[in-house]
Amino acid sequence: MPKHVVATTEELPPGTRKLVTIRGREIGIFNIAGDYYALINRCPHEGAALCKGKLVGRMESDKPGEYRLTRPGEMLRCPWHGWEFDIRTGQSWCDPEHTYVRSYQVTVEPGAAVVKGPYMAETIPVRVEGNYVVVDL
Amino acid sequence: MKLPIQGAIDCDVHIALPNTAVLLPHMDEYWREHITQRGLDQDNLDSAAYPANAPITGRPDWRGTKPGTDLKLLQSCLDTFDTRYAICNVLHGSPLMFSEDLSAAFCRAINNWVAKEWLDRDPRLRASITVPIHSPELAAAEIERCAADPRFVQVLLLAAAELPLGRRINWPIYAAAERNNLPLGVHAGSSYRHAPTNTGWPSYFLEDYVGLASGCASALNSLICEGVFVQHPNLKVVLLESGVTWLPNFIWRANKTWRAARMEVPWQTRPPGDYIRDHVRLTTQPFDAPPSADMTQRLIEEIGSDDVLLFATDYPHWHFDGEDALPDGISPQLARRIAIDNPLNTYPRLTP
Amino acid sequence: MNVITPQTQPDVSAQSLTGYVDCDVHPYFKNPAELDAFLPTRWREHRKEYGARSRSALAYMPQYPRLSPQNGMRMDAFPPDGSLPGSDLPFMREQLIDLFGMAHGILLPLLGRGGDERNLEYGAAMCTAVNDWMLAYWCDPEPRLKASIQINVEHAESAIAEIEKRAGDRRFAQVQINQRGLEPLGRHRYRKILQAAAANGFPIAMHLGGTSGHASTAGGWPSYYHEEHHAYVQSMEGIVTSLVVEGVFEQIPNLKVALVEGGFAWIPALTWRLDKHYRRLRTEVPHLKRLPSEYIRDHIWVTTQPVEEPERAGDMLSTLEWIGWDRVMFSTDYPHWDQDDPRYAFKVQIPEQQKRMLFRENALAFYNLA
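Chains as they are written, first to last, in the working numbering: chain Z, 48 to 184; chain P, 258 to 609; chain H, 72 to 441.
Treat the hints with care, as some may be off.
[To be verified] Calculated cross-link-like contacts (lysine-lysine; reagent style BS3-like; alpha-carbon spacing at most 27 Å): (1) P:259 - H:347; (2) Z:99 - H:101; (3) H:360 - H:263; (4) Z:65 - Z:50; (5) P:323 - H:347; (6) Z:101 - H:101.
[Said to hold, decoys possible] Among the chain P residues that face chain H by a calculated CB cut under 10 Å, a handful are: (7) 417; (8) 452; (9) 482.
Keep in mind the hints are simulated off the structure, nothing from the lab. No experiment lies behind these values; they were computed from the predicted model shown. Idealized CB from N, CA, C, for every residue including glycine.
Isolated chain Z, as found in the complex (with noise of 0.2 Å):
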């Protein structure tokens, strides 16, 4: 599979992204607290550039009236609609009980966008090579 260097590791120190295009497809990279994780930029819901949305955290919640806040800054609100996304894993927090146990293979197929399923974000293997940012893609 071609890889593709997408950035420096310099370029992306925690708590930022860079949107790139590769072979048409417009693809976000975050480093989340030292790690790398990539995205379509395409939300499952109905298209919008998931990658350009607002990062935040999880405000969750046991009982009404108490409020949590876990994983700042590592789920990605959709600009449109406000999903939110698991940056790690694409997995959307709305529907977790739909999407939890699937064990995700992440491909990209040539052409046409694909959808895996309605709460999924589409995930890119990314690792990196010494100072760079790879993507296999």
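Given the coordinates of chain Z, work out where chains P and H should sit on it, guided by the hints.
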């Protein structure tokens, strides 16, 4: 469509006070004095919800002198359907009163009257507990009191009160209901603290009545959004006389909105449709059925669970003629679930 | 057994949308002072000194705060100069009009608050100003955009005057009314306004919102915007019920009504419910000569946004069938957060002919556009 089975459980019949004075023997001496001094025992305290002589208020063969007051006419309905149990709901003006203690006194009297004048007279009858719906603490106390009688199987509220039902201020009611294994019966209707629709006061009773479905929908939304089912995971809610066919589009819209608005209600960890299928039931009268059996079938599939519907005649309200109590398009197996299994699963106190 | 079916391939490319009609576009100003040029001095000064006053608790904000900045905007719709989404015509062309090859876009401004204004003369002046602003900033430089006549529906005299003023001006497509007024729209106090609209060849658009002063539900004020968003559907249901049962369509047989931004899947069930209970209670309403469903079929149209998301994709088709393929008109609601992208709004393949009707032909007919 006639009910293809016998031994149904009728989850919504209405009994009514012939007059206010019948409550006097069922009050303590303080309130008897208070009420008679003020002449309230001579007043008609019926709610404005059903004009007495409007066609819908009483089917001609069920009407009698005042719909809901005649035990024999109720029994004739039960005999027709070979009903095993019928759950009686009193719709009266007293739960709607502004004075909390007066309202509670009336509610206590109504429940006492129901037990003595109805439940004692026909072993098939069961009832909902009438409570002062605007006073959560007093309502909870009345629930605890009446729960001692196993023939009370539900707590009765109206869909539209002064605050949306799900609000935390109401939670003592739900805690008491859950504690006593009593589902919450949310009956279509308003206490008129607000206009009956959110666009203001309509001119016609027809509009008020049609608008009751929207009132039930917003009550349901409140219960879900405020996390009542998270706080009370064993609580079941029955929408009574709410109409049925609005439910699927409500689920679609609620699920859609939740995915965007989840942060407002983070305790809601599942889509609203899931809570509805687990916790919410609807009686089948009125069904508001589509024009064809195929469409009805599709609608029921869209509800997405065979557990949701509960059989009801809504006696003595006039929604159908003869025994044509269910719309076409329901299979005999589903009819059996609607008439027997689902009510038994919803009302555990029916079979202690 | 909650089955979510996967999305199919998007079946509408940007090219295939060329010539579509967008029945709900929201223009904004870069600065409220843009309106000043269209306000008489008296009201310009009033605006600065007293400002908008509606039946609401908050001075500047809707009572239910939205989920995204600037009162619920799509987050990537801010123009390059940082002004409000929807305030920049070139950017709107880039993100919407030219991108999708729009044939016509119907503007429904939600600014100035003239329609909600408690000071009725100020409200009337603001409505006129917004109407003039729309022409100057939007319709004249971009003829694909059509305006909706703003009126304060609680002030019949000025509302009728404004409708008559714009009669014959083809840049105006319809009269815009908030779904929430002091009384349901079918009530007698509004009848002459509806008659004026129909007499002057304008359909009515009911757009969600407005501050009636009534609680958002029959059972009081809910806590969350989550609930308020759904309450807009209940308002639409109330409006349809009122228009039908009050006999508005019997009295004004050429009146056409579009329900904008209320979704649409609730219509069939309301229709069935109205028919059923009308049959029982017809003695109350002898002025009605037909079934409610017949009035609805002949006089009510719905726009598609926020598009419904049935759990089984196929139920979208049956729902649209039950409403009537000729009654549904596509809308984006650009630039709000819950807007729909015309390429991906529908998760199911719509047959070609119905697609053309929904995206274009129904609106061309409704708005009498060439």
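We went through each hint and held it up to the structure:
1. Note on residue 259 (chain P) and residue 347 (chain H): the hinted pairing holds, with a Cα-Cα distance of about 18 Å set against a maximum of 27 Å.
2. Between residue 99 (chain Z) and residue 101 (chain H), the direct Cα distance comes to roughly 23 Å. Compliance with the 27 Å bound is thereby established for this hinted pair.
3. Only pairs whose Cα atoms come within 27 Å are accepted, and residue 360 (chain H) paired with residue 263 (chain H) is accepted, the gap being roughly 21 Å.
4. Using a Cα cut-off of 27 Å, the hinted pair residue 65 (chain Z) and residue 50 (chain Z) holds, with the two alpha carbons roughly 17 Å apart.
5. A hinted pair counts as satisfied when its Cα atoms are at most 27 Å apart, and residue 323 (chain P) with residue 347 (chain H) qualifies at roughly 24 Å.
6. Using a Cα cut-off of 27 Å, the hinted pair residue 101 (chain Z) and residue 101 (chain H) holds, with the two alpha carbons roughly 24 Å apart.
7. Given hint, residue 417 (chain P) at the interface with chain H, holds; its Cβ is 4 Å from that chain's nearest Cβ, closer than 10 Å.
8. Below 10 Å, beta-carbon pairs count as interface contacts, and residue 452 (chain P) has one with chain H at about 5 Å; its hint therefore holds.
9. Satisfaction of the interface hint for residue 482 (chain P) is found here, the shortest Cβ-Cβ separation to chain H being roughly 5 Å, below the 10 Å cut-off.
The structure is consistent with each of the numbered hints, conforming to all of them.
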